[in-house]
Every structure is written in C-alpha cells, then in structure tokens.
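2 protein chains.
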Amino acid sequence: MKHNLTALLLLVSGALTMSTSAASPVAIVIHAGAGGKGIKMPADKEKQYHETLTKALRAGHAVLIKKGSALEAVQAAIVVMEDSILFNAGKGAVFTSAGENELDASIMDGKTLLAGAVGGVTVIKNPIHAAHAVMKKTPHVMLAGEGADTFAKKVGLEIVPRKYFYTEHRWKQLEQWKAKQKTKEQSQLEMTREYLGTVGCAALDSKGNIAAGTSTGGLTGKQYGRIGDSPIIAAGTYADNASCAISCTGHGEFFIRHAVAFDVSARMKYANETIEQAAKAVVQQTLKKAGGRGGVIGLDTKGNIVMEFNTPAMNRGYIDKNGKLHTAIYK
Amino acid sequence: MKHNLTALLLLVSGALTMSTSAASPVAIVIHAGAGGKGIKMPADKEKQYHETLTKALRAGHAVLIKKGSALEAVQAAIVVMEDSILFNAGKGAVFTSAGENELDASIMDGKTLLAGAVGGVTVIKNPIHAAHAVMKKTPHVMLAGEGADTFAKKVGLEIVPRKYFYTEHRWKQLEQWKAKQKTKEQSQLEMTREYLGTVGCAALDSKGNIAAGTSTGGLTGKQYGRIGDSPIIAAGTYADNASCAISCTGHGEFFIRHAVAFDVSARMKYANETIEQAAKAVVQQTLKKAGGRGGVIGLDTKGNIVMEFNTPAMNRGYIDKNGKLHTAIYK
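Protein sequences appear in the order of chains A and B.
The opening residue of the first sequence carries number 6 in the working numbering; numbering runs sequentially from there.
The opening residue of the second sequence carries number 6 in the working numbering; numbering runs sequentially from there.
Be aware that a few hints might be false.
Any copy will do: because identical chains look the same in the list, a pair fits if it lies in one copy or spans two.
Claimed, not checked - Keeping only pairs whose Cα atoms sit at most 25 Å apart, straight-line, the calculated SDA-like set for lysine to any residue is:
| # | residue 1 | residue 2 |
| --- | --- | --- |
| 1 | Lys293 | Leu119 |
| 2 | Lys159 | Ala184 |
| 3 | Lys294 | Thr143 |
| 4 | Lys168 | Glu151 |
| 5 | Lys177 | Pro166 |
| 6 | Lys212 | Ala295 |
| 7 | Lys159 | Glu180 |
| 8 | Lys183 | Pro144 |
| 9 | Lys294 | Ala276 |
| 10 | Lys158 | Gly104 |
| 11 | Lys177 | Arg167 |
| 12 | Lys285 | Thr332 |
| 13 | Lys158 | Glu105 |
| 14 | Lys142 | Glu105 |
| 15 | Lys142 | Ser102 |
| 16 | Lys159 | Gln228 |
| 17 | Lys141 | Gly296 |
| 18 | Lys274 | Ala295 |
| 19 | Lys307 | Gln289 |
| 20 | Lys294 | Asn214 |
No lab work stands behind these hints, which were simulated from the structure alone.
Let the sequences and hints guide you as you build the complete structure.
Dropping the structure here:
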C-alpha cells in the first residue's frame, strides 16, 4: 500500500513537472511615460508612482499565472494605469490646446499579428479596451474620432462623460503651456518637454505568445486632431512572436518617423540582434541622433526584458520569468 | 574665328557634361491602385488609364528636370491622379458606409525623415498638399478628422464642398457593396475586393534626394472613421535616403500589421538586400502568406525602380533615369 502510494506520488509529480516544463515562463513589463528634467519628485509622490506601477504589474501578472493570454494581461495592466490620475492616459490624460481630452491607444497580438487601435477618442473610459475591440470585432486596424467613440458605444464598452477626464493638475499644465506659447507662431509651437507620460505594457503568456499595448492622452497643447505614435502600429506598439513585443513612450513624432517599435523587431529579425542590442541601438543611437526623446519597454518569447530610455527618467517595472518584481523611475 | 567657336563649343559642352555628371539622375515611379479579378477592361477605358498615368508621370518629371525637389515632384504627380475620377483618391474617392468621402494621405522626405499625414479629411481638394503642409507647418506628423480640415483651411489650401467628391460610379459601388452586406454581421463585413485604387509616387531628384507619397479614398463601405495604411508612415509610405522611397496600395490593414513600406527599407538596411529583393520578399512572401493583397512602388537613390504586386493588376508607370517612360496595368 505504501509502495503504491509512493508510485502514485511519483507519477503525479512527474506529470506536474511535465506540464510545468511544457508551459512557457510568464513575464510582464510596463512603462508609464518617459521624460523628466533630472529633478526628483517628493518622496510621498514617488511612493504613489511605485505603488501604482506595482498594482499594474500584479494585475497583468495575475492574468498570466491563471494561464490567461498575453493580450488580456496587457489590458489588465494598462487599465490600472489608465484609471490612475498619475499617468497621461485614461483618467489622467493631458488637455489639447482646445481644452479637451483626446485619447489614443493600440494593442497587438504577436501570435496572429492582428492589431487594433483608436485615435482621438473622447468618451471611452479605457481606450485600450476599445483598441482590443477594434481588433476583435471589426475588419479594421484603426478607427479615429467620432467613429471610434460610436463604435465603442455600440459594442458596449464603458462610456464616461467628457468631464470624467478633467483633473486639476492637467488643467494647470495646459494653462502653463498656453502662457509660454503666446508669443510664438503656430509653426514654432513647442510641445511640453517636461513629461511624456504615455503608458504601455508587453507580456509573455504560458502558451509562449507575446503581446504589446500602449495608451496615451498625447501631448499637452496638441492641436487639430493630432495623432501621435501610441495608436500607430509599428511606431508606438508592435508585437511578433518571431521577434519581440514593444511599447514606446516619448515625443511621438520621432517615434513615427523612425517606426521605433517595428525597428526593434526588424533589427532582431534581419540583423540577428538580441532584444537588448536592438532596443539600445534604436533608442540610444537612431532616436537620440534625431533628437527624439523617450524610451521603449519590451520582451521576447524567452522572457528577456528590455527597458531602454534616453531621458532622465522613465516610470517602469517588470515581473520577470522568475517572479521577481522590480519598479523604477530614474536612471 | 572658326577655331575660337569650336573651342567655345567644346568648353560649353564640357561644362554641360560636368554639370550633368555632378547632378544625380532623376527618376519617378507611380501606382494608382492594385487589385482586379483578372478581367481586362474595355480598350477605350484602358487608354484613359494609360493617358492619366502618363500625365501624372510627366507632371512629376517636369519638376525633377527643372531641378525641383523630389517632394514637389511627388505632389505634382499625385495631384494629377487625385484630380482624375479614375482613381480612388481626391475627386474619385470611394464612399464610406455612411455615404460620405473620407480621404487619407501622407508624404515623407528621405533626406530629413520629416513626414506629414492627414486622415479622414472631407473638404480638402488635394489631401497630398495637406499632408505636406502638416510636415512643413506643424510640429506634428499626423492630423485627423475635423482638426485636419480646419488646419488645411487655416493654411490656405484649396477647400471644396463635400459634394465635389461625388461621382456616379463610386456611388454605385457603394450600393452594390451595401446589397452584399445586408445579411452579414458587423464583425464579418467584407470590404470590396474588386479594386484597391489608392495612388502613390516615389521620386529621385537632381540633388540625389528621394521622397514618397500616397493618397486614397480608402475602401468602399469603410466605417467609423476607419484609417487605412495610406496616412500611416511606415505602413503606406516611407522614405529614407539611406535605403529607399516606397508607396503602397492594397488591403490597408495588412500593410499596417506588416509595416510594409518600412519593412522594405529595413530589409535593405539590415539584411543588405537590394530594393528589388526587399520589395519582392515583402510583397510575394510576407504579405502573400498573410493574405494581404496589393503592391508597392519605389526607388532608391541610384534610380533603381521597383513595381511589385501580388494582384492580377496594378496601375503603374515610371520615367527612369534614362528618361524612358513606361505605363502598365496588368501583370
């Protein structure tokens, strides 16, 4: 009897080991904006940032350990950051020059290369869910403006009044920006260089699939329905199981011109670079030379994680394949 | 006296040769949509296509031989195609599911990597000029919807009433499309597979700079502010003196997911492929495998021209560095 029990236990343990080794390790990495002027924020504020980054990571990781998909994990982490007033996405979005909030988001599935994006949406509580709905429920990749809002209502996403996105500190940022712009011509209008607080996430799930997503309120003082890199597949977001899953943050125009997210993937595929080499080359060489400030986060199907930026700070964090949690703000 | 004249003529001829050899050869290549079902059109219709393609090529080439920039040549060629009812751009744009016209365009400068784009514009006669104005007169790359229309008015571009874009044959296409969709769910809505009539151009100027641009009315029956690949830098348009200038046409969603224009450039830069090898790999392998129908045109700074497509037809043509003009429709 004892003998049989031992044999049974060995059998069960063997099956468990097999099932564990068959499953991919899981990992998740996030950013919540790059920028800064090298001046540190007060300790209590800093604590809030670390706490919210940790909460976002844990939300995404919980999906992954329950064998949820990378696509679901990316959304779970991003929703936490969209719902926080700390970051420039969802609830904490910055104001346009017209004193309104226009949100952009995108998501991509590394397994199928399917992708979805929304640009300039105004009443969707969580734009990352709208991006995912575009991917799942339309033949399109990108919907913009009123059409995207209408679509989100139709598929039953949570709708909020526009004033939901009002926060006092973002309104003050707009007023400061306006005061600075008064004497300038339209062609010379400078965007705020203080902080580029987009949020994003890349995740690796137990099936070995990767995904990436990005969500933003854009730049303070943006005009005329400006669309940045965040809703642009290849610029702000890219995911391909054959290379990597990448989300970007920074001065979006540079990320569009240099197709930053796709460029990291292309260097891995065509120049046989590792994800670390590719991310470093794009952020520290290509982007820096062009004057493009910002950073990228990402991972590959082996769970190798990158968090590369050329600004004094990037809100960031990961839970790696060994379950180690790490969050950071400054260099 | 006769002696002196001969000497003078030799001098002049020498100077001309020098000036010719110092300047880059010029070249231009265009497309006006890919698709077709393998059925040829009537001879008189075909003649109109060849004539308009030739007119567009000559308009762009005239700029180049007067030492105008590649950026100007691209616009000159595209304006001819936008003003024609034959192609799905400008005047000949298709209708959205709501029975309206929403136009997209983008342009990129291979020398500076500056780029401009407009998405979902409704009252701008020549969207390619609006894309160029975004590049020259704003700090942004992409403006969408009402904001882009407002911007175009402000900078003095030619504005037309929305009914300017009405053409009988495009309206009939919408009605045919609607009749087919009646029994289908939103998630299964199929876009017309008949013709993907975007227009685009790439040019090489006498200073050795290249540029590319693309303009479209999108897909018949598109919904909800859908944005295709044409206004997306890296997807529908890319230009970099270090590699190539590319404009795409086809089922836009596939061109976004695979960052087609940038991918041709990336293969040249990182895998040392020629423009011919890179364009062929992307169109005939990557895109085809994914089910993406369409094609690309482009050139490099040496004046090597590509016109690669995986559909039965692509309206296309070039004037090469030797001044040879060629237009074609079918394979």
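These are the hints, each one checked on the structure:
When the C-alpha separation of lysine 293 and leucine 119 is checked against a cutoff of 25 Å, the pair qualifies only between copies, where the shortest distance is 15 Å, while the shortest distance within a copy is 30 Å. Taking identical chains as interchangeable, the C-alpha atoms of lysine 159 and alanine 184 lie at most 25 Å apart only when they sit on different chains, with a minimum of 22 Å there against 40 Å within one chain. Within a single copy, lysine 294 and threonine 143 get their C-alpha atoms only as close as 39 Å, which misses the 25 Å cut-off; across copies the closest is 21 Å, which meets it. Proximity of lysine 168 to glutamate 151 under the C-alpha cut-off of 25 Å is found in both arrangements, the shortest distances being 17 Å within a copy and 21 Å between copies.
Within a single copy, lysine 177 and proline 166 get their C-alpha atoms as close as 21 Å, which meets the 25 Å cut-off; across copies the closest is 39 Å, which misses it. Taking the closest pair of Cα atoms, lysine 212 and alanine 295 come within 25 Å of each other only across two copies (22 Å); inside a single copy the shortest separation is 38 Å, beyond that limit. In this assembly of identical chains, lysine 159 and glutamate 180 lie within 25 Å of each other by CA distance solely across copies; the values are 24 Å between and 35 Å within a copy. Proximity of lysine 183 to proline 144 under the C-alpha cut-off of 25 Å is restricted to the inter-copy arrangement: shortest distance 16 Å between copies versus 40 Å within a copy.
Proximity of lysine 294 and alanine 276 under a CA criterion of 25 Å is satisfied in both settings, with 20 Å inside one chain copy and 22 Å between copies. In this assembly of identical chains, the alpha carbons of lysine 158 and glycine 104 lie at most 25 Å apart whether taken from the same copy (23 Å) or from different copies (21 Å). In the homo-oligomer, the alpha carbons of lysine 177 and arginine 167 lie at most 25 Å apart inside one protomer (18 Å), although the nearest pairing across protomers, at 39 Å, exceeds that limit. Taking the shortest Cα distances, lysine 285 and threonine 332 sit within 25 Å of each other inside one copy (20 Å), while across copies they are farther apart (44 Å).
Within a single copy, lysine 158 and glutamate 105 get their C-alpha atoms as close as 20 Å, and across copies as close as 21 Å, so both meet the 25 Å cut-off. Proximity of lysine 142 to glutamate 105 under the C-alpha cut-off of 25 Å is restricted to the inter-copy arrangement: shortest distance 22 Å between copies versus 28 Å within a copy. With identical chains, the CA atoms of lysine 142 and serine 102 are at most 25 Å apart between copies only, with a shortest distance of 16 Å across copies and 33 Å within one. Proximity of lysine 159 to glutamine 228 under the C-alpha cut-off of 25 Å is restricted to the inter-copy arrangement: shortest distance 13 Å between copies versus 28 Å within a copy.
Taking the shortest alpha-carbon separations for lysine 141 and glycine 296, only the inter-copy value of 18 Å comes in at or below 25 Å, while the best intra-copy value is 36 Å. Taking the shortest alpha-carbon separations for lysine 274 and alanine 295, both the intra-copy value of 23 Å and the inter-copy value of 17 Å come in at or below 25 Å. Taking CA atoms no more than 25 Å apart as the test, lysine 307 paired with glutamine 289 passes inside one copy only; the shortest distance there is 24 Å, against 30 Å between copies. In this assembly of identical chains, the alpha carbons of lysine 294 and asparagine 214 lie at most 25 Å apart only when taken from different copies (20 Å versus 33 Å within one copy).
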